[in-house]
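Asks: Given the sequences, and given the hints that come with them, work out the whole structure.
Protein chains: 2
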Amino acid sequence: MKKYVYLFGNGKAEGNSSMKNLLGGKGANLAEMANLGIPVPPGFTISTEVCTYYYKNKTYPEGLKDEVLNALKNVEKMVEKKFGDEKNPLLVSVRSGARVSMPGMMDTVLNLGINDTTVNGLAALTNNERFAWDSYRRFIQMFGNVVMGIDSSKFEHILSGLKKEKGVEYDTELDADDLKKLVDLYKEFVRKEKGEDFPQDPYKQMWMAIDAVFKSWDNERAIAYRRMHQISDDWGTAVNVVAMVYGNMGDNSGTGVAFTRDPATGEKKFFGEFLINAQGEDVVAGIRTPQAITLKDSRKWAKEHNISEEERRTKYPSLEEYMPEVYKQLVEIYQKLEKHYRDMQDLEFTIERGKLWMLQTRTGKRTGFAAVNIAIDMVDEGLITEKEALLRIEGEHLTQLMNPIFDPEDVKKAKGEGRIVAKGLPAGPGAATGKIVFYAEDAEAWAEKGEKVILVRDETSPEDIKGMDSAEGILTARGGMTSHAAVVARGMGKTCVVGCGALDIDYDKKEMKVSGKVLKEGDWISIDGNTGEVIQGKVKVKPSEVVQVMIEKTLDPENAPVYKKFEKLMKWADKYRKLGVRTNADTPKDSGVARKFGAEGIGLCRTEHMFFEGERIQAVREMILAENLENRKKALEKILPMQKEDFIGIFKAMAGFPVTIRLLDPPLHEFLPHEEEDIKELSNEMGVDFETLKSKVESLKEMNPMLGHRGCRLGISYPEITEMQTRAIIEAALEVKKQGIEVKPEIMIPLVGHYKEFELQKDIVDRTAKEVMEERGETIDYLVGTMIELPRAALTADEIAQNAEFFSFGTNDLTQTTFGLSRDDAGKFLPEYIEKGIYSVDPFVAIDQKGLGELMKIGVEKGRSTRKDIKIGICGEHGGEPSSVKFCHRIGFNYVSCSPYRVPIARLSAAQAVIEEEN
Amino acid sequence: MKKYVYLFGNGKAEGNSSMKNLLGGKGANLAEMANLGIPVPPGFTISTEVCTYYYKNKTYPEGLKDEVLNALKNVEKMVEKKFGDEKNPLLVSVRSGARVSMPGMMDTVLNLGINDTTVNGLAALTNNERFAWDSYRRFIQMFGNVVMGIDSSKFEHILSGLKKEKGVEYDTELDADDLKKLVDLYKEFVRKEKGEDFPQDPYKQMWMAIDAVFKSWDNERAIAYRRMHQISDDWGTAVNVVAMVYGNMGDNSGTGVAFTRDPATGEKKFFGEFLINAQGEDVVAGIRTPQAITLKDSRKWAKEHNISEEERRTKYPSLEEYMPEVYKQLVEIYQKLEKHYRDMQDLEFTIERGKLWMLQTRTGKRTGFAAVNIAIDMVDEGLITEKEALLRIEGEHLTQLMNPIFDPEDVKKAKGEGRIVAKGLPAGPGAATGKIVFYAEDAEAWAEKGEKVILVRDETSPEDIKGMDSAEGILTARGGMTSHAAVVARGMGKTCVVGCGALDIDYDKKEMKVSGKVLKEGDWISIDGNTGEVIQGKVKVKPSEVVQVMIEKTLDPENAPVYKKFEKLMKWADKYRKLGVRTNADTPKDSGVARKFGAEGIGLCRTEHMFFEGERIQAVREMILAENLENRKKALEKILPMQKEDFIGIFKAMAGFPVTIRLLDPPLHEFLPHEEEDIKELSNEMGVDFETLKSKVESLKEMNPMLGHRGCRLGISYPEITEMQTRAIIEAALEVKKQGIEVKPEIMIPLVGHYKEFELQKDIVDRTAKEVMEERGETIDYLVGTMIELPRAALTADEIAQNAEFFSFGTNDLTQTTFGLSRDDAGKFLPEYIEKGIYSVDPFVAIDQKGLGELMKIGVEKGRSTRKDIKIGICGEHGGEPSSVKFCHRIGFNYVSCSPYRVPIARLSAAQAVIEEEN
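Heads up: the protein sequence lines correspond to chains A and B, in order.
No gaps in the numbering here: position 688 of the first sequence is 688 in the working numbering, and each next residue is one more.
No gaps in the numbering here: position 501 of the second sequence is 501 in the working numbering, and each next residue is one more.
Treat the hints loosely; a few may be bogus.
No copy labels: a pair is met if it fits in one copy or bridges any two.
For lysine to aspartate or glutamate, the following DMTMM-like pairs were computed, each having C-alpha atoms within a straight-line distance of at most 25 Å [to be verified]:
{"hint": "1", "residue 1": "Lys836", "residue 2": "Glu720"}
{"hint": "2", "residue 1": "Lys770", "residue 2": "Glu735"}
{"hint": "3", "residue 1": "Lys328", "residue 2": "Asp346"}
{"hint": "4", "residue 1": "Lys510", "residue 2": "Glu698"}
{"hint": "5", "residue 1": "Lys756", "residue 2": "Glu832"}
{"hint": "6", "residue 1": "Lys680", "residue 2": "Asp508"}
{"hint": "7", "residue 1": "Lys828", "residue 2": "Glu702"}
{"hint": "8", "residue 1": "Lys56", "residue 2": "Asp766"}
{"hint": "9", "residue 1": "Lys540", "residue 2": "Glu521"}
{"hint": "10", "residue 1": "Lys862", "residue 2": "Asp234"}
{"hint": "11", "residue 1": "Lys77", "residue 2": "Glu14"}
{"hint": "12", "residue 1": "Lys701", "residue 2": "Glu835"}
{"hint": "13", "residue 1": "Lys694", "residue 2": "Glu675"}
{"hint": "14", "residue 1": "Lys701", "residue 2": "Glu463"}
{"hint": "15", "residue 1": "Lys513", "residue 2": "Glu698"}
{"hint": "16", "residue 1": "Lys517", "residue 2": "Glu691"}
{"hint": "17", "residue 1": "Lys412", "residue 2": "Asp151"}
{"hint": "18", "residue 1": "Lys828", "residue 2": "Glu759"}
{"hint": "19", "residue 1": "Lys696", "residue 2": "Glu677"}
{"hint": "20", "residue 1": "Lys850", "residue 2": "Glu805"}
{"hint": "21", "residue 1": "Lys694", "residue 2": "Glu677"}
{"hint": "22", "residue 1": "Lys701", "residue 2": "Glu459"}
{"hint": "23", "residue 1": "Lys701", "residue 2": "Glu676"}
{"hint": "24", "residue 1": "Lys355", "residue 2": "Asp85"}
{"hint": "25", "residue 1": "Lys510", "residue 2": "Glu169"}
{"hint": "26", "residue 1": "Lys701", "residue 2": "Asp458"}
{"hint": "27", "residue 1": "Lys836", "residue 2": "Glu49"}
{"hint": "28", "residue 1": "Lys680", "residue 2": "Glu220"}
These are calculated hints, taken from the structure and not from any lab test.
Replies: Here's what the structure looks like:
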């Protein structure tokens, strides 16, 4: 028969730390600690398989009851107490514990086993009647709430009433008799609420609590948390039944939490807090001020709070002073645990009448700074290898190191003042403060006057680019993580919060309503691109050390310890990774930044982003409005030298590295105004009849522009555009080459769905390139390849690869078409989809490996079946997202390409992909 | 070495009729006739492989020249003449000949081998100097045009000049000396035009002609024709070099064409025309009135043209009278050929000085009526089997039998009067005449007054449905074969012409400009849904016999010979087919029609099509505008009884057959007005504040509605809609069942992309169905399945099939997403794509088997891997298109579903799929 229950205690256990999937993190670590001889209260773990079984079959597996009862008997033996015994009762806690920590999301019941008779045994045993009755009333309250579903505040209400009656302020002022009375009141209340008595049978209590914990796996909170952290619904939780130990048995008892290193900075020092005469929940609830564990921290704390050494030592002593023996034991244990787990640990402990019990150990959560410091320190200490260190760093850790941040203290202050007015999606990491402007032109104008501004829009459009570039940050009311604002902002490394639905913008009045406040143009506002918070007024901000050294060159690397560790990590990453890492960049400036961050070329240069500046948009509009080929060619001739200049700049910035240039992609109507007013203005500007212009704008309108006349379809309709762009690229390349700089142009045809589209466009490119080279009497090597961004392209990649020299997966559009999901419109229901657990993660953020990934695999296999060495990369937004980068590695890509500020993350993820594969 | 040249003549040949791919149709049939002992002029065929080689390598394969010269020597031997011999010259024709006939699309050169010396030989040989010089001048003219690229009219100009000079009217009035002079003038002109002499060397002439014929495979005409008829560019053409025979050697010579049965009606009678003393081109050019071959036809013709028997016999005798021996021989040959080929043949022959030569035989093109008649007759005659008969009928043949048609005579008249004003895409087959109206409401109002109207719009929208239903036909300026107008019209069996870009509609003035004319509201117009022609004024029209018998029941089947044959054919089809055939129908009326046409259930019932009528749209709008769940439920309660009534009607009409009902699919904004004026009106009607209403309309607007908040996404956001619709379906089903009628409801969830979407919706459906059944104390079996209309659904069909009980491929949307192509917008560039040969056929018309088909196969394989007997069908527009139906059969579908009028075509195609698989 299958084993469902695992015992631990008294220096041995049936489980161990490798069994997290089966026993949950808490259960596995309790077993591991028991095996290590560390004092843990005896108990047993009911495995996650029971949870899965329970959800599948709506009942427990056969034999479970017997196994549990048997385990309970063993625990009774170890602690020499008896469950339900009126003289010497065993009390237990019943706790959830999933494969990964889901703090506070699921249910816990403490003090279980107490009832009208065992309470007396507990009183006698502990020689503390008040403690026993307090435990009983706590139990009814907790059990009533968690297991029986009674609103907790109703118990609080009864408690308040009694305190009022007694004329006291604190719970602790109630004596044993008061608490006895309270228990009666509670039991009476439960009977009234539920129509049945509060259960007295300890076994009944236990099974009810186990049921409740398993059920709590599917409460709303837990589901939401799983969505956020991409935890599978199928994992289930384990249940831990553990003998109670008490930190609230008087002044020789206590409870605390500790970290083996500083989780904020990573500094190698023991760090933690404890409370005397308290239960674990008291520390978490923050009712009393906790005391430091080490003397050093205690003194530091006292200094910060203007507390005299005298007062500190008497009222708030450190554990080191208060219980030196326990402290010594705790130090030994933490060192043992860190060495054993080879990572920073987060510990929970209880001291019962001077005896230390460890209740939990787990790998501690940490900031990006701490993560990097700890990883590198541990390599230096010989505790872990470089490869292990790399696996310990998450992409978001690096982001934290790179982005400017708000001063946390200042944010706390703002919160206290009620200035956190809304929360949106954190689309562009960073922290930005500025004056509100509602128009891109205003952003530009104000910035020129030296003002710092935040551009606030319902959403942004390509016309807003310069304004966005001028702004400190961008805040939008609509759009998701890959909306225009989000994509462009990340590309610019600009702080950005999008989809902040609480904003109600009135463009005419140049103001917005939010959280009942009216914020006007010129008012200060701050946006946090790491949290999505929108804060009224200013918040202090600073650029990261990494950026100061690498990009701004304003800081000497020698004085930049964070930068040095960052750089060390990147070197390790480069040593192991196999994927190339390129960047998506449209300007020499962006190219330069990306290169400083380690980009090995450009994977996507969007030519149309150059079309909006200055005279260009004028020429582009002339091109669109041209009534015949001749006029269209004239307009294109005006654009040619400007495009060429751009390419020259980019080629130089990327000297020696390949530069993939995508030909014109967006539908032409994006370059024309749509409002009557703007059309009128343009008609005056261009000397074109208003009606003619309007009807042109109308005729270009599309029902579904995403699926419309764009990409290579433009080049098929207007081959002269492809010719002009090819000419600009090849002329630029030849000129740069002449200066002795190595140039590797790669021309990319967008939105190909049929191999003949590609052939037709490649013919034009090759013919034009040949012409230019013949004119100049010089040659340059170049490649012609295609985006794979339509399902049909992936499905027919074998045909397309007959002529295409490289593939670049455009996973933004490929996600849109594969899911049938417009990223411009999905904002309305995508959050609901995530919440309801349909998508575990936004498919525009991380590659949907099951669906989209299948299509990508087909594309790779078919492409290589025709051209076995075809170069394959990705240039969608996913190219800088860790799980996506790893997926690209696994399915055999040659490189990923991402926005400049994501390059280090891609390098790291690429290395992790290799290491994970080896494991 | 590979063989490239195939000889024929003198009763034997190296090729035969099975070698069409290699020798082209013409060459293979000439060889076959030679083998059959039928007199064909000797010659040889250069295979299509040479063409393919030529296009790939820009040169001829090694050894070809020798093979050709060798073959020519053999021909010389057979005809006992010599190529280029001044005394006894052999002249040849050089003709194209592809795998399938491409009439007039490629080049032909006759009389080749003639020059300044051989012309004399020809004169002596034929004892006819005029004939020889006339042949020479014809040759220069033809060769000059076809091979040397000189404008034909320029030769005509010289010829006219000479006739003027001579004071004569007809070519035949020029004598030998005149023609000699003409030859000199022609040669001089060629020298001037091309800077070189007209080639005198017969071998040079021959190779130049062969080059030209191969090159003509890629002329614009030929490419366009291939697009239209889905002929692969890779097939190439063969070249036939054949000894010339002359029908213009005097009154004992002649030339003609004939059909072994009537190609218009299928009647079993020999039918054809000939000219005395003429070459083949003269018959085609229609310069002289041709004479009938049989006496019977000749007399009939004379009667129709008021020509006396006397005049007929002397001036226009039949071949039967004029050359009774030749006629007898021709009759023997045609009977032999028809029996041999077992199909109606289209023949070309020449009589040279009383000797009959067959120049061509091929399977004759025929109308739908003829196709059905011939196929059935031939089965009766024991010539072919039922299966072969089925293979001989094309879908479009059936359409012709079913649709009302214009009286061809009346159309001819209109053409003569210049009333054919434009041509669009023939989207809904049929013929409709009515008065022009420009608004759907007007169509309704006018129709109620008993007027016949044609609804003319830029494009139609769902709001126009009733107007469309009221109209005789629909004509739109925009949109393609699957635009709203086209889809709905076909569903209604309504005549429809779309994408007629020549129309310039002015809604305000209620008029349109077209071809320089102004047509106003109320003017008569006729549209031909078979040809796309738009005809000013009325044209006579009549309903088909099939419809009169099957649908209108106004004609006794006994008096309907066409219907009887149609029905016979359908019975045969049903005997062999394995695919089920269902229909897409939204009303009891459509369901009834489809059932009469043989539909075995409904594959797609679009519930939202019921949402636009009368009070419903009001309730639907209330539902959309509801600010909370309660109000939304109230509005839904109003819709419930109406939906139920619809379903009751449909279930009854489809008694005993399954009915697949798709839950609400379109985005909600489709149910609201978008123009300021209309919003104002609605706000008054509904008593809703204008601004509120407007902002609701705005908030529902989407950038890409096709990829927006629609399909099951609505049901996820508003589960109450799914509940209401399920309730309506189950309540209706129970009520119909109570009446003793068998009901098989199948509930279909649209736009599923993730199995969890399906699960969530299925849970609601099952829960609601259970509720309804419990309320009523009765039960009904039903299925819940899903559309596969997103790439991700196909790619994850294994997951979806865990719960889905059937799949229905929605190939309209699946094509849109797989290609990234909006069918609302594709009209702008799709024609160019077809023209440039990117798509060989509109992917919205026929399934793109290479791309979309791959995805469909994945969907079927993955679906069946989880649920091996899952029922799989198609409900996209492709379900009634023959090649698509066959594809669905091949990849293992259970059924196809199409619009009612396509049901017979689907039945036929399904049978053909089985038979083709056996072959």
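Asks: Please write out, lowest number first, the hints stated earlier that are contradicted by the structure.
Replies: 17, 25, 28
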